[in-house]
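Q: Here is what each chain is made of, one letter per residue.
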Amino acid sequence: MEFYSQNVDISYGKNKIVEDLNLRIPEGRVTVIIGANGSGKSTILKALCRILHPDRGEVILDGKNIYTQSTKELAKRIAILPQSPESPEGLTVEELVSYGRSPYKAGYGKLDAQDKEKIAWALRVTGMTEFADRALEQLSGGQRQRAWIALCISQDTEILFLDEPTTFLDIAYQLDILKLLSDLNQNYKKTIVMVIHDLNQVARFADHVVAIKKGKITCEGSAEEVLTPENLKQVFGVLADVVVDQRSKRPLCIPYDNIPSL
Amino acid sequence: MTAEKEDYILWLVLANFYMGITMNTNRKSHLWMVCLAVLFLLLLLLSCISMQVGAKNISPDAIVKALFFYDSSKSSQVIIRTSRFPRTLAAIMVGASFSVSGAIMQGTTRNPMASPSILGINAGAGFGLALALIFFPAASLNMTVLCSFLGAALSTAIIFLVSSFGRSNSQPLKLALVGTAITAMFNAVSQALAVGFKLSQDLTFWNAGGISGIRLAQIRLLFPYTLSGLIIAFFMARSVTILSLGEEVAVGLGGKTRQIRFFSSLAVLILTGSAVAIAGPIGFIGLVVPHAVRALVGMDYRKVIPCGMLAGAVLLLLADIVSRLIHPPFETPVGAVTALIGVPFFIGLANKNRKRGEK
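So the sequences go chain by chain: A and B. Under the working numbering, the first residue of the first sequence is numbered 1, with each subsequent residue one higher. Under the working numbering, the first residue of the second sequence is numbered 1, with each subsequent residue one higher.
Rather than coming from a laboratory, the hints here were simulated on the basis of the structure. Please note that a few of the clues may not be correct.
Stated by the list, open to error - Cut-off 25 Å, straight-line C-alpha distance, at most; resulting in silico cross-link-like pairs (SDA-like, lysine to any residue):
1) Lys105(A) / Phe235(B)
2) Lys105(A) / Ile231(B)
3) Lys116(A) / Gly127(A)
4) Lys72(A) / Arg261(B)
5) Lys174(B) / Ala157(B)
6) Lys116(A) / Phe234(B)
7) Lys189(A) / Arg77(A)
8) Lys256(B) / Pro85(A)
Chain B with its partners taken away, still in its complex shape:
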């Protein structure tokens, strides 16, 4: 038996043990911990698969050796070290970032359609990135990430400005329209710049959304951003639920609404900005995952954010694995795979809201 299989069994036992405890106490209120445990197991499982499969399948044995006893003369270990391992980590970080951003945005704006892609934050980050490619072609990754943040911040600012005019309480349509307009505008400008400065190829590749070319150095650089964004998100979780009850109720419950908005926007900026900088605007994870998670664990963002983080990572890992398997040895852009999952879901969601409105 390999070390890895032992790991699987150990985790299964632990999870069962844990579920046993939770089932005996309060089943309903602990359901989310079961979700968390299952998602965590899925994450481990998919991480292993993600390292194994691709143009060349690699044995578990080689994976373990590559991670712990690296021998650069073996090609399969080199593939793991330089490609599969970084992209697995990237899928986890990026998936978690988009999903948590989406959850926070949906909670604070009380808008079921809010997500980094729908509200134009992805496009803003992309615009920042295009500027970086043009004006600082030799820039470090750090600089690029910073530009991506600034772009994301710009579109967030526009969204908040526009949506604060008039009666601000939950206008799903208005926010979605503004987001679409922002997306169209930033994309148009980015494309014009790309054509003008002959960057089309770079930008197109990046726009398709992908984590296939990621190197460990990039992961190392972005990890602090992702981590700090997630930490802020965890701290804001309770406040996000309070704000999701509506502005006036939130004030009545002692919520500092401005502060909540500021810190949750900050978390969204950091998470979306860094995720877009490494992976491009991968759509739909931020929209789909929070909905699925809320359907499972309910409305409380103290549960939604941790579960959403794992679920987003799981979904992107899965999408990335699928993208490798559709047409090997070529890779389908992962953004296309998530869109394939996301579009039907989005249409379903829009329909559901319409029925609700008619009622």
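Bound conformation, chain A alone:
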């Protein structure tokens, strides 16, 4: 699989949010996009998965521009979990997850044996089997997020996009969700692209980190390469110590001050 963006420009009205973005997503890895609020990282994520169409440029998946392809065909290759999705009242977990099969369905969309198998698998992997008949609003935040992830993986795609999948969750659930994603990446070979805020979680779970400032890539590479005091200063405007976490041997960022404004 080859997946990259080429000269992508995106603007909202007159404001240019993203300029000349050339970003390559490595296959089978966990890529995390980081950046300050308003840096354009969410916009970039949306453009990469065709929720937003850029003003200029292309996003190429295996030699073909995704903006000119059938969105239904792409849904067999790319799954998207938007930031804090809201479910309609009364929808059960299993009903939600069954909609992951819709890219493979036409017309009325009756589920066949293979669909049912995929749905059961998605529920099992996410640990949601016992909650299958519960309505989403009856679940805790973390369980609900698992249900949405189950929807994405029942889609059976090679690429999974997630926009801040841990926002609004407490730390236990944050870890729980990130471990689940890591498991999907390692055991089911899913390429994952996501935005998360907590730099120490980035350090632990990302294979590839892309730092964004004002719609441009400031630096990218492994967590060790990107999470350095100089880069944090440049990208977030914070002064931080970066030490090595004794447990994971990954970088640990300890911000201690903002850059004094001039």
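Got chain A sorted already, so can you dock chain B onto it with the hints?
A: Same frame as chain A, now just chain B:
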């Protein structure tokens, strides 16, 4: 035993047989088919009652004769043929149209308060109709329906334009406010026109919402519209559910959101436009029925739309029967009866949403 009673028994047996099959397999996921079967039975039952009762009660025997062996010299058969039968059909078509429109609107806008009356589509259709009465007083029914469509299209366009400004994801209040404003505007203009062109009486009667004066010719003319609207709605059902999960999720699942919006708006226009043209702006069916149906069969619009279609027909049939029985031989406008059912429901719904918001 009359032929009609035999029919009842036959249907009951069939329904029981069907329920027996479904109960043995997967009870939960087939619950909606039971709903469908029960609603269908209710529809048949109410249709028969609707033909029987009124200022003059008519025997089942005469009804069957009127439908199949028509003898125009018998007054009771004439009543069936020219009044009761058309109005029964009209109640079914109009009830189904409003209810399915409401279901589609609530699904695609993710707004529990969306319905043809709340979002101002009824008022738009009414405005179109007022214009038709003024400028083409001798117009054919076809022309009138067309004007009603255009009016409905106009208010839909306004709703979509206004609601697409700013962050569009589900703003129940904003849509409801815009709808109310549109309704007020169109109603004001329609009334001004009515006074100016001395059409008050026609419009008032039509605005009260009624299916009592309907003739078979009108039904024949509108049937293709209702049918095509319903067919589009059935084809869109799966897509409506996908869109009801939110715009971004819908894209991720391969939904063509623009296309879905276009075709579902088209279905709403055809159904609402034609229903308003024959029956006037009968409120609350489009709001109430989809909620009740979702409470029974869940969120999946492949189930909600068929069940909603039957349930809307059942509700309007019932309301129409009640409207005849409240104060015979005079008829209470059917719109008043549906409002009587709908208003408490709407207040309850608003309260429920408020509690949810506080949480």
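Q: So, for every hint listed, does it hold in this structure?
A: Hints and how they fare:
no. : hint                  : in the structure
1   : Lys105(A) / Phe235(B) : holds (13 Å)
2   : Lys105(A) / Ile231(B) : holds (19 Å)
3   : Lys116(A) / Gly127(A) : holds (16 Å)
4   : Lys72(A) / Arg261(B)  : holds (16 Å)
5   : Lys174(B) / Ala157(B) : holds (15 Å)
6   : Lys116(A) / Phe234(B) : holds (23 Å)
7   : Lys189(A) / Arg77(A)  : holds (13 Å)
8   : Lys256(B) / Pro85(A)  : holds (18 Å)
Consistency note: the structure conflicts with none of the earlier hints.
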